[in-house]
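> Can you build the whole structure from these sequences, using the hints too?
Quick note on the UniProt record's numbering: the sequence shown kicks off at 1 and runs consecutively.
There is no bait here: all hints are sound.
Ranges of calculated distance between the beta carbons of each label pair, as one might list FRET restraints:
{"#": "1", "residue 1": "M1", "residue 2": "A37", "range": "14 to 22 Å"}
{"#": "2", "residue 1": "F10", "residue 2": "L31", "range": "23 to 31 Å"}
{"#": "3", "residue 1": "C45", "residue 2": "K24", "range": "14 to 22 Å"}
{"#": "4", "residue 1": "H28", "residue 2": "C49", "range": "13 to 21 Å"}
I should point out that these hints are in silico values taken from the structure, not numbers from a laboratory. Idealized CB from N, CA, C, for every residue including glycine.
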Amino acid sequence: MNLSFAGCGFLGIYHVGVAVCFKKYAPHLLLDKISGASAGAIAACCLLCDLPL
1 MNLSFAGCGF LGIYHVGVAV CFKKYAPHLL LDKISGASAG AIAACCLLCD
51 LPL
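Here is the structure:
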């Protein structure tokens, strides 16, 4: 599964929430490609680098 976070600054907090849920409840889905733009790129980078969210 490929995962893409859209770019939108004020939705960044929602991207973080979705990233936390994916990391906690569906880590097997994070094995493929992850991408994002703007605030979504920050959330995607945190997932890929295994940074705390």
